[in-house]
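Colleague: Listed below, chain by chain, are the residues.
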Amino acid sequence: MRQENASRRGIGLAFVTALALALTASGRPMLAETGQGSNLFEQPKPPRQEWTFNGFFGRYDQAQLQRGFQVYREVCSNCHSLKLVAFRNLADPGGPGFSEAQVKALAAKYQIKDGPNDAGDIFERPGRPSDYFPWNFPNEQAARTALGAVPPDMSLLAKARSYERGFPLFLIDPIIQYQEQGPDYIYAILNGYTNDKDPNWNEYMPGHKIAMPMPLSDGAVDYEDGSPKAVQQYAKDVAAFLMWAAEPKLEERKRLGFGVLIFLSIYALLFFAAKNKIWSRPEAHVDLDTQ
Amino acid sequence: MSGESTYVPKSRLAKWFESRLPIIGLVHSSFVAFPNPRNLNYWWTFGGILSFMLAAQIVTGVVLAMHYTPQSGLAFDSIEHIMRDVNYGWLLRYAHANGASMFFFALYIHMFRGIYYGSYKSPREVLWLLGVIIFLLAIATAFMGYVLPWGQMSFWGATVITSLFTAIPLVGDSITTWLWGGYAVDNATLNRFFSLHYLLPFMIAGVVVLHVWALHVHGSNNPAGIEKKTDKDTLSFHPYFTVKDGFALVCFLVLYTWLVFYVPSYLYDSDNYIVANPLQTPVHIVPEWYYLPFYAILRSIPSKLIGTATMFAAVLIIAFLPWLDTSKVKSAAYRPLYRIFFWLFVACCVLLGYMGSQPPEGGYVLAARFLTVYYFLFFLVILPLLGRYEKTKPLPVSIYDAVLGKHGHAKPADVNP
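Protein chains in written order, with the numbering used here: chain V, 1 to 291; chain R, 1 to 417.
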């Protein structure tokens, strides 16, 4: 017995040592790399922001989505497309909450390419709620020529951008329901132009090189609801808007999920009670009929 | 299936039907009257959970396929169409994508349970082999399913994994071109992956039937690792195990619900929300979490051919467990040394998974090498030798005695961990 324990300890010790070696070795090259000043993919972690749509009962803030939409329309949309979002979506439940009339009026302000008509011509007509947001550029090549790079489509940006949370945070994230890496990242980028000498330097961009120069400035968007007309506010609002654009069914999802969880919890309790009842029958109970 | 049918049809219609196709009797003997070892613990509930998850994946998948377009120019947007415009499309899609993760989660627990309790040993070798076939089919199915959204990680994951076949000497390039249906991963690849992704789950379902059939020949193994002898050792499948499996399933569904409704993107790579672009490689190409240990093994070896061979060996070696493990004692509850090596093996697999998720740089590769060595050591050296040299604890006389705690020096807690 004692020998067995000793060999057990020996094996465990050997494994732990090997592991420790492996793990310490795994940290070393990264340190060495930053020491050499190689920061190709270096990216400071964006600080976490408070979002109304986080957690169990998360909901979008309608006023914030409307402000964020204003920022998108007046600033972002000059370069970025939003091709998966239709005007009608702005009136969908769980969204910015525009009225149908507002959406109709808004859509009519856009010129949409349509056709061919009976004469075989491609023509432009005022937008309808069922149309999707048009892009300012006819194609990617035109955008690249004008801007030097193609600005990414914004429909899914809030889900298509993230950052490494690292060990052990990634284990906690599903429990605390942290799903806002995207908006946190977007907010950080918009506030990350901290190098006055280089307009294409961004604190939070992986490698710090960003093609887009600082897009927002204080006072650039004229809010009507009295919210501060400052970059931080714009950044927060547009990040929230982009989260909605990427995940328009978030409210419905969380609401339905809550019902499902309640149902399953009660169901589990009933099952547990039934299981205990059945397993306490005499034939299942070994202690009762011990000879 | 074994376990004699005690079903007696009562109505005239039932009698008429049963004398022509005795399927009700078959179901009755397999899932109602079937005698199960009475000491099965909750680790034995994952087989039922897996059956449920397979059915859930097929049902959600069939509906998703009604709205999905397997065409490289349209696939990505058709997924977004499902997410935005199809009624409860977001639910179907999140349930299906996360369902794959839950399936593998349950599958790995099911496999580790089999390894801990020696469930693959005589007379259950064929049962184990059928399980390994299900595992292989599940790997292929999930891999091809992940390609269908045609995002960046879909495309580049498919490119990396299918390119492994180019490592085969002489015919590698031809085989890869044949697999792709062209000279790169493209529309033809997407089409065939969709077709096969739809086919394979039904093949899995077929092998599951064989798996259950083989299971019912000798019945389940159990925590004591000894065979059932008398009626006192067993309880009928229904209601004892239907209710136990049912309770476990509902608890499992709570986890699944949490994932689907509250953190649906947790296990999904954000790069896959960018449409596939053959001209732009993502910074890190990382497969889904359930492949990470094997991915780490692949990358831990510098030679492409040997790395690929080692990775496939790591999967296939599981099939040889019944013959690599030479111990006559099944359950780890009576194998004190094996138990330690088993848990080290579990830790090894988890750590390999972590290494697989990290960039393939110096230290991580080094760590993955250590772990790869232990992975194979466990199968090829430790298991064969342990059977010869390990001093096992005395086994209980019967399952009934095991439940009573009547066995050598082992405590009841060891039987039901």
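Because the hints were derived from the structure by calculation, they are not lab data. A hint or two may mislead.
Below 27 Å or equal to it, Euclidean Cα-Cα: the simulated DSS-like pairs (lysine-lysine) are [claimed, not checked]:
#, chain 1, residue 1, chain 2, residue 2
1, V, Lys-277, R, Lys-232
2, V, Lys-197, V, Lys-45
3, R, Lys-229, V, Lys-275
Colleague: Could you run down the list of hints and mark each one as holding or not?
Modeller: Here's how the hints hold up against the structure:
1. A distance of roughly 20 Å separates the Cα atoms of Lys-277 of chain V and Lys-232 of chain R; the hinted pair therefore holds under the 27 Å criterion.
2. At most 27 Å may separate the alpha-carbon atoms for a hinted pair to count; Lys-197 of chain V and Lys-45 of chain V meet this at roughly 23 Å.
3. Proximity of Lys-229 of chain R to Lys-275 of chain V is assessed by CA-CA distance (about 25 Å); at most 27 Å being required, the pair is judged to hold.
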